[in-house]
Amino acid sequence: MRKRLKPWAIVLCLSMVVSLLAACGSGSKDSGDGGQASGSADSVHKEGFPIVDKPITLSVFAPDVGSAKWDTMQVFKDMEKMTNIKLTFQTVPVDSFETKKNLIFASGDLPDIFYASALTPAEQVTYGSQGTLIPLEKLIDEYAPNIKKLLDENPDVRKSITTPDGHIYALPYVDKGAVWYKSPLYYNGSFLKKLGVTKLPETPDELYDYLKRVKTEDPNGNGKADEIPLTSTKLKDIRVQMLGFWGIYDEVYYADKQGKVHYTPQEEGFKEYLTFLNRLWKDDLLDHETFSQTDDQKKAKGKNNQVALFNDWLPYFMLGGEPNTDNPFMEPLKTGFPDSPVVAKNSGISKNGTFAISSTNPAPEATMRWVDYQYSYEGSTLFNQGPEGVLWKYKDEANHVKEWLPVPDGGDRENYRGKLTPNYGITTPGVSLPEVSKGLRSDIDEWVEKENQDKILPYAKVPYPNVFLTEEEQTEVTSLLSDLNNYVEQMEAKFVTGQEPLSNWDKYKAQVKKMGGDRIVEIYQAAYDRWDGQESK
Numbered sequence: 174m175r176k177r178l179k180p181w182a183i184v185l186c187l188s189m190v191v192s193l194l195a196a197c198g199s200g201s202k203d204s205g206d207g208g209q210a211s212g213s214a215d216s217v218h219k220e221g222f223p224i225v226d227k228p229i230t231l232s233v234f235a236p237d238v239g240s241a242k243w244d245t246m247q248v249f250k251d252m253e254k255m256t257n258i259k260l261t262f263q264t265v266p267v268d269s270f271e272t273k274k275n276l277i278f279a280s281g282d283l284p285d286i287f288y289a290s291a292l293t294p295a296e297q298v299t300y301g302s303q304g305t306l307i308p309l310e311k312l313i314d315e316y317a318p319n320i321k322k323l324l325d326e327n328p329d330v331r332k333s334i335t336t337p338d339g340h341i342y343a344l345p346y347v348d349k350g351a352v353w354y355k356s357p358l359y360y361n362g363s364f365l366k367k368l369g370v371t372k373l374p375e376t377p378d379e380l381y382d383y384l385k386r387v388k389t390e391d392p393n394g395n396g397k398a399d400e401i402p403l404t405s406t407k408l409k410d411i412r413v414q415m416l417g418f419w420g421i422y423d424e425v426y427y428a429d430k431q432g433k434v435h436y437t438p439q440e441e442g443f444k445e446y447l448t449f450l451n452r453l454w455k456d457d458l459l460d461h462e463t464f465s466q467t468d469d470q471k472k473a474k475g476k477n478n479q480v481a482l483f484n485d486w487l488p489y490f491m492l493g494g495e496p497n498t499d500n501p502f503m504e505p506l507k508t509g510f511p512d513s514p515v516v517a518k519n520s521g522i523s524k525n526g527t528f529a530i531s532s533t534n535p536a537p538e539a540t541m542r543w544v545d546y547q548y549s550y551e552g553s554t555l556f557n558q559g560p561e562g563v564l565w566k567y568k569d570e571a572n573h574v575k576e577w578l579p580v581p582d583g584g585d586r587e588n589y590r591g592k593l594t595p596n597y598g599i600t601t602p603g604v605s606l607p608e609v610s611k612g613l614r615s616d617i618d619e620w621v622e623k624e625n626q627d628k629i630l631p632y633a634k635v636p637y638p639n640v641f642l643t644e645e646e647q648t649e650v651t652s653l654l655s656d657l658n659n660y661v662e663q664m665e666a667k668f669v670t671g672q673e674p675l676s677n678w679d680k681y682k683a684q685v686k687k688m689g690g691d692r693i694v695e696i697y698q699a700a701y702d703r704w705d706g707q708e709s710k
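Residues 174 to 710 (my numbering) make up the sequence shown, in order.
For the record, the hints were derived by calculation from the structure and aren't laboratory data.
From a predicted model like this one, the values you see are computed outputs, not experimental measurements.
For every residue, glycine included, the Cβ atom is placed at its ideal position computed from N, Cα and C.
It is possible that part of the hints are untrue.
Stated by the list, open to error - Label pairs and their in silico Cβ distance ranges: (1) 577 <-> 304: 40 to 50 Å; (2) 302 <-> 563: 49 to 59 Å; (3) 619 <-> 429: 41 to 51 Å; (4) 372 <-> 302: 49 to 59 Å; (5) 432 <-> 476: 19 to 29 Å; (6) 512 <-> 583: 26 to 36 Å; (7) 250 <-> 389: 28 to 38 Å; (8) 586 <-> 389: 33 to 43 Å.
What the hints assert, rightly or not - In silico DSS-like links for lysine-lysine, alpha-carbon gap of 27 Å or less: (9) 444 <-> 667; (10) 311 <-> 227; (11) 227 <-> 349; (12) 254 <-> 227; (13) 407 <-> 524; (14) 667 <-> 430; (15) 254 <-> 219; (16) 430 <-> 455; (17) 372 <-> 388; (18) 628 <-> 507; (19) 433 <-> 227; (20) 667 <-> 507; (21) 311 <-> 472; (22) 407 <-> 682; (23) 476 <-> 254.
Put together the whole structure using the sequences plus the hints.
Now the structure itself:
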């Protein structure tokens, strides 16, 4: 027979249970000095530094380009001194980062912070709705004045990071001055000079004629017919730029100037693009190793001065040598198609999903204050250029004018910067501000800006805003595009190389529709209309 507990004993037991639960759920972590530290809201300073009086430690998951160990980077050491927040890092090489990220979400063994993690809209919706990532909008209102100001002044940015359930689960990197959606195509300037070209091609026929001259007139002057008029790696580096000649802004889906959504692979402009590339292929003007070579192999041809027209971030990345302004942007070609030519433009959100706070984070308020600093002028300067006195110093601090210092090890400035800050080869949270680089811009920076003004911006439009699909829409789109992307990629190669005659276009187009091309349009049109009609808070 069981004994019934006395009332006072029940009360005592309940009190002990509550105390134990409170202790387990306190979320405190070891501080940097081995003691316990609390990051609770009542211990977080909303202004000034340090952010917390007693040190706390938070874990970070991030991609790594291999330039330096993150715990040795000076920016994080400076941030720790300033904020009293120590970070421990789990970094994964960029090439395997997505796989590791998926494993972490599946395991439930979460870091406190996802940093530079390129969380996709689908991941934000899925893991936000599941409670794995916490909503950030209230934290932004109370603990992030720089982010709040940015969102208030740029309502489209707020709309573009707000999921269908009304929450913000991740922060972007914002660059309102960004132009490139994809980097341009460049002409080899030495070839232009050798062939006496003073006026760049303006139509596909004029481009064809120029590439034909490259093939037959030995512009690299080595006495061999080894010139490659146009090169590419599986077309991924030239596709969007060339589609623009026929009024198309993106390789998968886009919204035109009237807000009507299109699925690119079933558009007539896509057929014209295939027809032009097939013409180049047949006449050996498009590199016949396009579908088999790596990017490194492509670059080797550029450094051997064989290539006339190519894509890269900057031309000297491809051609070698020192930065110079001798290799002009390709001017968008006119074809007579509606809205032609067009150029896809960056939306200003260079990367969505760069920062998120997990549900296991013991100090979300302090964490939000920590990342908010990167959206200020001072924080943007620190994370972009490194600490003052290492690579740069102020020439006129009141007006934010800076000047470069000699690189401490005498090597490449960019490589050394990669040892100071994570803003090297990956996109971190923050904002690009013109005054951060004031006084530090090079001649090639000025040249790029002028080329943008002359050849990109007059034809530019954002192809499609950063939007979120519902979970149901995302599931359907993922399923449809999995098959469609494979089919379209295979057929693109076949059409370009002539394995499939372009007379079979209607048959191909019917198959695309059968596989869900029109449904893709319906889903993204609905998402666009939701975004367009969304009221910014």
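| message | Can you confirm whether the C-alpha distance between residue 254 and residue 219 stays at or below 27 Å? | response | holds, 17 Å
| field | Satisfaction of the hinted span 33 to 43 Å by the C-beta atoms belonging to residue 586 and residue 389 | value | Distance hint for residue 586, residue 389 holds at roughly 42 Å.
| Keeping to a limit of 27 Å between CA atoms, is the pair of residue 254 and residue 227 held or broken? | holds, 12 Å
| field | Range hint compliance [Cβ, residue 577 to residue 304, 40 to 50 Å] | value | holds, 47 Å
| task | Evaluate the given range 41 to 51 Å for the C-beta pair formed by residue 619 and residue 429. | result | Since residue 619 and residue 429 have Cβ atoms about 33 Å apart, the given range 41 to 51 Å is violated.
| Does the structure keep residue 227 and residue 349 at a Cα separation of 27 Å or less? | Violated, at roughly 37 Å.
| message | Run the distance test for residue 667 versus residue 507: straight-line Cα separation, threshold 27 Å. | response | holds, 26 Å
| query | Does residue 254 lie within 27 Å of residue 476 when you go C-alpha to C-alpha? | reply | violated, 45 Å
| request: Starting from residue 407, check that the Cα of residue 682 is at most 27 Å away, please. | output: Roughly 21 Å separates the two Cα atoms, so the pair holds.
| said: Tell me if the straight-line CA distance from residue 311 to residue 472 falls inside 27 Å. | reply: Given that 27 Å is the threshold and the Cα spacing comes to 48 Å, the pair is violated.
| message | Is 49 to 59 Å respected by the C-beta to C-beta distance linking residue 372 and residue 302? | response | holds, 56 Å
| task | Could you tell me whether the CB distance from residue 302 to residue 563 stays inside 49 to 59 Å? | result | 43 Å Cβ-Cβ, so the 49 to 59 Å window is violated.
Checked against the numbered hints above, the structure breaks hints 2, 3, 5, 6, 7, 11, 14, 16, 19, 21, 23 and satisfies the rest.
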